[in-house]
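Student: These are the residues of each chain, in order.
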Amino acid sequence: MKLTEQNITLWGDDIPWLAGLREKGLRAFAASGLPTAKTEAWKYSFGAVGNTENLRIDTTPHECNGHCHQQEEKPVSAYCIDFCNGKLHGEHFDLPRGVSVKPLVETIYDGDIKPYLNKSFAMEKFPFAALNTAYLEQGIMLVVERDIALDKPIVIRYHQHNSQNLFCNIRNVIVLEAKAKAEIIEYVDIDEDTCLHNVVNEIFLAADSTLKHYKLQKEGKARCVSLNSVQQRSNSNYKCFVKHNECALARHESYINMLQEGAYAEVNGVYQLVNNGVSDITTNILHLAPHTTSNQLVKGVIDGKAKGVFQGQIHIAPDAQQTEGHQLHRALLLSDEGEVDCKPELEIFADDVKCSHGATCGDLDKEQLFYMQSRGICLENARRILIEAYLQEVLNKIDNSEVAGWLADNMKNF
Amino acid sequence: MVKPILEIKNLSAKVADKEIIKNMNLTINAGEVHALMGPNGAGKSTLSYVLTGKPGYEITGGEILFNGLDLLKMKPEERACAGIFLSMQYPVAIPGVATNNFLKHAVNAKRKYDGLPELDAAEFLKLLRTVAKDLDIGAEMLKREINVGFSGGEKKRMEILQMSLLQPKLAILDEADSGLDIDALKIVADGVNKWHNNDNALLIITHHQDLLSRIQPDVVHIYADGHIIKSGDKNLAVELEKSGYKTFVDAKE
Ligand SMILES: Nc1ncnc2c1ncn2[C@@H]1O[C@H](COP(=O)(O)OP(=O)(O)OP(=O)(O)O)[C@@H](O)[C@H]1O
Ligand SMILES: [Mg+2]
Chain A
-13 MKLTEQNITL WGDDIPWLAG LREKGLRAFA ASGLPTAKTE AWKYSFGAVG
37 NTENLRIDTT PHECNGHCHQ QEEKPVSAYC IDFCNGKLHG EHFDLPRGVS
87 VKPLVETIYD GDIKPYLNKS FAMEKFPFAA LNTAYLEQGI MLVVERDIAL
137 DKPIVIRYHQ HNSQNLFCNI RNVIVLEAKA KAEIIEYVDI DEDTCLHNVV
187 NEIFLAADST LKHYKLQKEG KARCVSLNSV QQRSNSNYKC FVKHNECALA
237 RHESYINMLQ EGAYAEVNGV YQLVNNGVSD ITTNILHLAP HTTSNQLVKG
287 VIDGKAKGVF QGQIHIAPDA QQTEGHQLHR ALLLSDEGEV DCKPELEIFA
337 DDVKCSHGAT CGDLDKEQLF YMQSRGICLE NARRILIEAY LQEVLNKIDN
387 SEVAGWLADN MKNF
Chain B
2 MVKPILEIKN LSAKVADKEI IKNMNLTINA GEVHALMGPN GAGKSTLSYV
52 LTGKPGYEIT GGEILFNGLD LLKMKPEERA CAGIFLSMQY PVAIPGVATN
102 NFLKHAVNAK RKYDGLPELD AAEFLKLLRT VAKDLDIGAE MLKREINVGF
152 SGGEKKRMEI LQMSLLQPKL AILDEADSGL DIDALKIVAD GVNKWHNNDN
202 ALLIITHHQD LLSRIQPDVV HIYADGHIIK SGDKNLAVEL EKSGYKTFVD
252 AKE
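If you read the protein sequences in the order shown, they are chains A and B. Here the first sequence is numbered in this note's numbering, starting from -13 and rising by one per residue. Here the second sequence is numbered in this note's numbering, starting from 2 and rising by one per residue.
Next up, chain B with everything else stripped away, as it sits in the complex (with noise of 0.2 Å):
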């Protein structure tokens, strides 16, 4: 049986007074993974803030249906309670604040979401390092403030690291290929296909293949001037790495 769990339906959205989602539909089922692609400047990232409620974007028309709720009205700490996560193009660093008690900060407000209650520092920490174990990240980096001067692959693994604690329904991964080198790919991949099942659903916005071919997509969407323009299977990330987009845009006009 087919379950949706998101449902973008006529989204348009701007951002400092510019349009930049217009009029947008999208159907991910549990699941399903589905890549998105686009031109740099398309608004993959500007969709990718709408979905997780960041401030400073208006919708000016559509509705979002996240497992049936209506997200728009929801806070972003209340879509990422119910279920939303969001691996960010360029994380962002808190100094002050270190990793370990920013995660169990995370963790535990999402516990206290579901109605469990939290976790004492040991608790967290057993499970803490069971899963940043998988993904490679030791013990010293996570002491460390969160995001500060982590290099760009290391701040893409810590962004799986937080969706692999939270357990979403939905990840979007924001170019979180970018900056990996060979191994790091395959760390993310195996740990992003670990987290992957039939009840939870992804989107990856990325601009290669490589992840793809190690995350096998169902559905891949060309993204172009703020909506879908082409989707197909895998075989259209295969077809895009040689043509490029603008075959694809210039039909479209």
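Excised from the complex, chain A in its bound form (with noise of 0.2 Å):
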């Protein structure tokens, strides 16, 4: 079956303006079709996104009655919110007051979300994120309230079993109000290489609102893709850290629009292959004002035949006069076979500006790993100590220790 042709009836076909959304969706995707060598946003990775044609969208209602997910314990103290084979499991989460949490569905009906909904980017650009709007059903509305702050992280859960070939689209708006504050920990649990899992967080940061927004990627063999594509308004803060661990195919996308003065963006990643696999952190940060500020440092371990892509955009807007971009890739290639491929973009239009970019690719010190060996520490763990040490730069900007603890503890070993 194809991508475009699923033949299914979903939620809302009889609301006709999102009809008319998921139609668009549908002609932008089929406009540009799946991402190819030319597409120059996927150049590295499209070929991981593999064969999609026997994919299929599962309509029918998610009844697990709680099985799905009972192994898995919180990561950290958290909020939960378990999406199971792409459906959104239960409606009710224990929230605290000036935090809501709608399945999508909900709020399609009472129109909450109209004012948000794909308002973010342009589905020309974005062949996944068209087929997300094509396919819009499952995904919830999060929208934290002015002033309010919340006590624990919110944790997205993905999870996935007993499922063959299930393509699922699921798009969250997470919304934060003026001077809300929230941490948001995705946390992708995949691990069926048949499916196709694609998510668009659209998200909207109001005035001296701050989110801190995680990622994980858990090993598997699972193909993900997402967009995070970002709004934001005047000194907001949206910090975001990536963990991929391998799987055939993980894919974070951040489209960061700072719309207003004194907003602050800051993607920062870890990626650990030793096999097999692609890891994409793709971004494309847009400075559309005066005295923003953005900073990016992505680390990876490469071993075996897996790859390790990451593509930086930094966009300067005329008028976005002293600003700043900062953007460093640095990985560690251990194998002959494995591939590194960076790619910086870095886009001025306006004079007074600071930015830098920087990539190193490399192996691991010889001279530090004898050293190590010198003191009687066996060349594996030697390299263990190196890799750890490496990738720590990129976990100490991680300020929630229990967060940066866990996502340690989910380090690959050499």
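In short, the hints are calculated from the structure, not lab data. In this text, all values refer to a predicted model and were calculated from it rather than measured experimentally. Treat the hints with care, as some may be off.
Far from chain B, some chain A residues (derived; all Cβ distances over 10 Å) [as the list claims (entries may be wrong)]:
hint: 1; residue: Gly76
hint: 2; residue: Val91
hint: 3; residue: Tyr102
hint: 4; residue: Glu163
hint: 5; residue: Lys225
hint: 6; residue: Tyr357
Chain A stretches covered by chain B per the calculated footprint, using a threshold of three residues with CB under 8 Å from any CB of chain B [said to hold, decoys possible]:
hint: 7; segment: 361 to 367
hint: 8; segment: 370 to 382
Heads up, simulated DSSO-like pairs for lysine-lysine below, C-alpha to C-alpha not over 27 Å straight-line [said to hold, decoys possible]:
hint: 9; chain 1: A; residue 1: Lys352; chain 2: B; residue 2: Lys74
hint: 10; chain 1: A; residue 1: Lys383; chain 2: B; residue 2: Lys144
hint: 11; chain 1: B; residue 1: Lys19; chain 2: A; residue 2: Lys352
hint: 12; chain 1: B; residue 1: Lys23; chain 2: A; residue 2: Lys352
hint: 13; chain 1: A; residue 1: Lys352; chain 2: B; residue 2: Lys76
Where a beta carbon is used, it is the ideal one built from N, C-alpha and C, also for glycine.
With the hints as a guide, bring both chains together as one complex.
Tutor: Put into structure tokens, the structure is as follows:
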């Protein structure tokens, strides 16, 4: 079955504006098609998308009676939202005052979603986000009201079990009102190689709000793509940390629009792939107003036949004076068959700016390895210690120590 | 009874296709202190790396026995655990690795090799504190990344700290005295003397008399062009200080 010919009925097909939007999504995807070597934003990782011939969208209701993720304990003390096989699990979340989470369909019917849905990106540029729009149904709308600071992180977990050829499209709309503060952890725990997991997060940060967004891709055989489209108002803070472990394809794409003065964005990431698979961290940060700042630090370790991709675009608009955009990607390439691709792109149209970018790719330092061995530390441990130290610099950017500890525990042993 | 710890027999070695060590012989017995002196570029550090198994050095002839073991067959970490320690001329900085953590890994690697239980954090810290105190190394420095931004003298004291922790059977000090101020030299010498006993041995590579006046060598070797050209007692070092290498190297040719 082709991706565009699923022949399904979704909730809300009877709502004209939504049906129209889905139709637009389908058309946008039909126009662009799946990414190819010629798709600039996908030129290093299009191949890892793999076979999509047999993918199907499952429209049956989610009925698991809670069995689908019972084995999972919470990674950190947090409020949990679960998706199983692409379906929102449960509808009631024990959240504190001033915070609401609703199933996407509900907000479609009551119209709450309308001011936000598909408002943060243009589908033409993002083929999978276009598909995600075409099949819009699953997802949540999360709102943190003005002045509310969440006491614990919200964890959004994606599980999958006994699912073949499943094509999951999830749309989360996250709204932080003025001065709100929240931490969101996305935890992708999917191990089905026949499935494709496609998440679009639309994030709206009002003035003076702060969102810390963590994402952990657990080790597995999955193909997971995501677009994280962020709109930032004045003095808002967006701090993102991505951790990719080995899987067939893990793509985390950030598309950050800093619309007003004083906005601050940070994207940090770590990837560790030992044998196979592709990690793709792609960012596009648009400084559209003066006094905006962005920082990116991504470090990776590639071994075996794995591939690590970092594409970092910084765009500084003509009137975005006194802005800063910094970017650094560093990778350890430990094998001959592995591959690391780095593509920094700076488009600077203002003159009073500070920008930097850098990229390195190398092996472990032989002098350091020998120094450790000469103290009795075996080569294997010496390598592990050096890799941990190498990645620690990025982990140090996480200021929630519980989250940092959890992510550190999920480091791969080399 | 004389018990050899290190026996170097007809050793030749190349680095980057250049023969640096040429048919060298040296035996060091338990309890002895040997000094190795020689002009810059003679191959002293090369010898120390060949002994510790640094990759990139090709052995073209001869053998090395360490406590009877065929050293050249052992991995660097095995040699270290078996009791060879090198205080490096240029200790290596490792950004991101805290000194105390690094030291704990080293100590526990050796304990594991010796069949002893690993030390936990508290036990290790206790051991580290006593040893560090003797060498006048403060807690602050132990928290820093190993050798990162350390001064020349601090690096050398850190090497001796590692020696004290690991209690080797053979310590090779490659210019352990360079960069040390007068007080630090005394501290380092005291540290080495405290460790040295009749069961272990010491090879001091140095250009100066100062350290040798504090750690009395039993034998002084003049090393030039890849092997030992003359050996004598401690007075040879004093003589060298006055006359330089030239007379000895010329006499040989
Ligand atoms: N990796 C290498 N590639 C090329 N030449 C090397 C390499 N390592 C050492 N050498 C050369 O081998 C010779 C011996 O060097 P070594 O460091 O052992 O001398 P040394 O006796 O320790 O000198 P110093 O007293 O200055 O420390 C030098 O000429 C040096 O340039
Ligand atoms: Mg030297």
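Student: Find the hints from earlier in the document that the structure breaks and name them by number, from lowest to highest.
Tutor: 6
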